[in-house]
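Enquirer: Following the hints, position chains B, C and D against chain A.
4 protein chains.
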Amino acid sequence: MPFRARFSYRVLWADCDSNRHMYYPNYFKMFDSSTHNLFEQAGAPVPELLAAYGLRGLFIVDAHAAYRAGCGWGDEIAVESHISEWKRRTFKVSHALWNGDVLAAEGHEIRVWGVPHPDDPERSAAGEIPAEFRARLDGGDDR
Amino acid sequence: MPFRARFSYRVLWADCDSNRHMYYPNYFKMFDSSTHNLFEQAGAPVPELLAAYGLRGLFIVDAHAAYRAGCGWGDEIAVESHISEWKRRTFKVSHALWNGDVLAAEGHEIRVWGVPHPDDPERSAAGEIPAEFRARLDGGDDR
Amino acid sequence: MPFRARFSYRVLWADCDSNRHMYYPNYFKMFDSSTHNLFEQAGAPVPELLAAYGLRGLFIVDAHAAYRAGCGWGDEIAVESHISEWKRRTFKVSHALWNGDVLAAEGHEIRVWGVPHPDDPERSAAGEIPAEFRARLDGGDDR
Amino acid sequence: MPFRARFSYRVLWADCDSNRHMYYPNYFKMFDSSTHNLFEQAGAPVPELLAAYGLRGLFIVDAHAAYRAGCGWGDEIAVESHISEWKRRTFKVSHALWNGDVLAAEGHEIRVWGVPHPDDPERSAAGEIPAEFRARLDGGDDR
Numbered sequence: 001m002p003f004r005a006r007f008s009y010r011v012l013w014a015d016c017d018s019n020r021h022m023y024y025p026n027y028f029k030m031f032d033s034s035t036h037n038l039f040e041q042a043g044a045p046v047p048e049l050l051a052a053y054g055l056r057g058l059f060i061v062d063a064h065a066a067y068r069a070g071c072g073w074g075d076e077i078a079v080e081s082h083i084s085e086w087k088r089r090t091f092k093v094s095h096a097l098w099n100g101d102v103l104a105a106e107g108h109e110i111r112v113w114g115v116p117h118p119d120d121p122e123r124s125a126a127g128e129i130p131a132e133f134r135a136r137l138d139g140g141d142d143r
Numbered sequence: 001m002p003f004r005a006r007f008s009y010r011v012l013w014a015d016c017d018s019n020r021h022m023y024y025p026n027y028f029k030m031f032d033s034s035t036h037n038l039f040e041q042a043g044a045p046v047p048e049l050l051a052a053y054g055l056r057g058l059f060i061v062d063a064h065a066a067y068r069a070g071c072g073w074g075d076e077i078a079v080e081s082h083i084s085e086w087k088r089r090t091f092k093v094s095h096a097l098w099n100g101d102v103l104a105a106e107g108h109e110i111r112v113w114g115v116p117h118p119d120d121p122e123r124s125a126a127g128e129i130p131a132e133f134r135a136r137l138d139g140g141d142d143r
Numbered sequence: 001m002p003f004r005a006r007f008s009y010r011v012l013w014a015d016c017d018s019n020r021h022m023y024y025p026n027y028f029k030m031f032d033s034s035t036h037n038l039f040e041q042a043g044a045p046v047p048e049l050l051a052a053y054g055l056r057g058l059f060i061v062d063a064h065a066a067y068r069a070g071c072g073w074g075d076e077i078a079v080e081s082h083i084s085e086w087k088r089r090t091f092k093v094s095h096a097l098w099n100g101d102v103l104a105a106e107g108h109e110i111r112v113w114g115v116p117h118p119d120d121p122e123r124s125a126a127g128e129i130p131a132e133f134r135a136r137l138d139g140g141d142d143r
Numbered sequence: 001m002p003f004r005a006r007f008s009y010r011v012l013w014a015d016c017d018s019n020r021h022m023y024y025p026n027y028f029k030m031f032d033s034s035t036h037n038l039f040e041q042a043g044a045p046v047p048e049l050l051a052a053y054g055l056r057g058l059f060i061v062d063a064h065a066a067y068r069a070g071c072g073w074g075d076e077i078a079v080e081s082h083i084s085e086w087k088r089r090t091f092k093v094s095h096a097l098w099n100g101d102v103l104a105a106e107g108h109e110i111r112v113w114g115v116p117h118p119d120d121p122e123r124s125a126a127g128e129i130p131a132e133f134r135a136r137l138d139g140g141d142d143r
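Chains as they are written, first to last, in this note's numbering: chain A, 1 to 143; chain B, 1 to 143; chain C, 1 to 143; chain D, 1 to 143.
Chain A extracted, bound-state conformation (with noise of 0.2 Å):
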């Protein structure tokens, strides 16, 4: 069973566009928000990922979101988050948003475990997820 987190968030004015709903981009701030925060409560925020593997960040290869209903200023929303599908490289993150018990809109992001190219520090370069971390987000029953 995959680690989940839930990320829970009120919707700013500021989030919100002309047609008085947020904006869409900004259901992908939510996802990353969540992201983050599921890595945070798996016990590997971010931070402490760059620090440990010399990691440089967890860069987006995909982004995809199919919205059902619109959230609007104030609404209570959280989202659902875990890692559905690992490959050597890149991980993909399923997200559920749900406006209180409305499901508004579901995605993912693909990200990859992005380190300083061994040839060019400068650039960057996708790198092999380490078995601890991927151990971590797995959850710990089905291992």
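Note that these hints are calculated values from the structure, not bench results.
Among the hints, erroneous ones may be present.
Claimed, not checked - The calculated label-pair distances, taken between Cβ atoms and stated as ranges, are:
(1) A126(A) x G54(D): 50 to 60 Å
(2) M1(C) x G54(D): 29 to 39 Å
(3) E48(C) x W86(D): 46 to 56 Å
(4) K87(D) x E85(A): 50 to 60 Å
(5) D101(B) x K87(D): 37 to 47 Å
By construction, the Cβ of each residue, glycine as well, lies at the ideal position given by its N, Cα and C atoms.
Expert: Frame of chain A, contents of chains B, C and D only:
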């Protein structure tokens, strides 16, 4: 041949995150801005659509981006956009985001032709896309 | 004694810029969010004001911030706000932004009670602030 | 005569809030972008300053805006900026934001010349502004 337009933009400091690249949700701001530009260039700016058809909005139901390269502060970028697919009530806008001559991202938006719900004007519903709107965005060569 | 309220927030990655601190315009998002929270806590949430008084908005005419310390990603911040000055058609909201127990910024917003212009409802004009709105925000002890 | 520069921008849908005007904190994004443009036009772009002087950043210590008129989606705006005041370690950038020929806002930023703290390079401190940077931004007539 679909009508195509190009939205040019210079990346602001405000668009970048702590990794010193354009923050990934902001690519969708670029897509959204390019869609608005596309309609305007085709002679169908959104404010006129709202007034002419009782349209409420061109609401997003699906958004996707694949990221290939970063964009940094001050970079001159351009988004090339066209409508790549039509259904009765929705259409798909395809985007290619160039950073100079590097293809930095590709993606799409699926948007619905949002009108007042016939039974309850407080709510919105998907309406049929007017033929003349489609004609403008379809270009003129192949109809 | 003016009514006071406290808006709590955890700084998102999305709020930070390439200097790895909250981007300076985002402090005003915090002030704005705190003003909305202040009214809600006082029993006068903006949506109710719009409905009850034909208010169009509490438009900003002046905004200021003095920055004393940075806020970084994940920091638990709080904005303490109250109305520090009243005029017939405008009022001043004073804000103190705390990062833990460090005063990170102070500032204000001056807002106008925006109503439809009596001669041309397409435009907005400054209207007189209703006594009962002021009473709620003034607190109740010293009147 | 101080050196002056003009930053032109077309307001995006993404910049506007539920009142269908540019969200008020976004005026500061415009000021910030105009300051970056001012330095670039004067031949002192921030990336070169960072490299040449060991500068860490031109951190904001004070920001103010007075709003006179709104800016809506699609409006062609321009910010005219110059440095209006110098101190040993800080300077003030004055901004006028035009919406077409309407003065929509005026404001300022006070920025500090941020360098590594001499006793603890983890921290930043205010450093003395180099004479040649000031000379570039002061224009050339009155030196």
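Enquirer: Now look at each hint and say whether the structure bears it out.
Expert: Status of each hint after checking the structure:
Checking the proposed 50 to 60 Å range against A126(A) and G54(D) shows it is violated: the Cβ atoms sit about 32 Å from each other. Checked against the given bound of 29 to 39 Å, the beta carbons of M1(C) and G54(D), roughly 49 Å apart, lie outside it. Hint check: E48(C) to W86(D), Cβ distance near 49 Å, so the stated range 46 to 56 Å holds. At roughly 55 Å, the beta-carbon separation of K87(D) and E85(A) lies within the given 50 to 60 Å, and the hint holds.
In this structure the supplied range 37 to 47 Å holds for D101(B) paired with K87(D), their Cβ-Cβ distance being about 44 Å.
Checked against the numbered hints listed earlier, the structure breaks hints 1 and 2; every other hint is satisfied.
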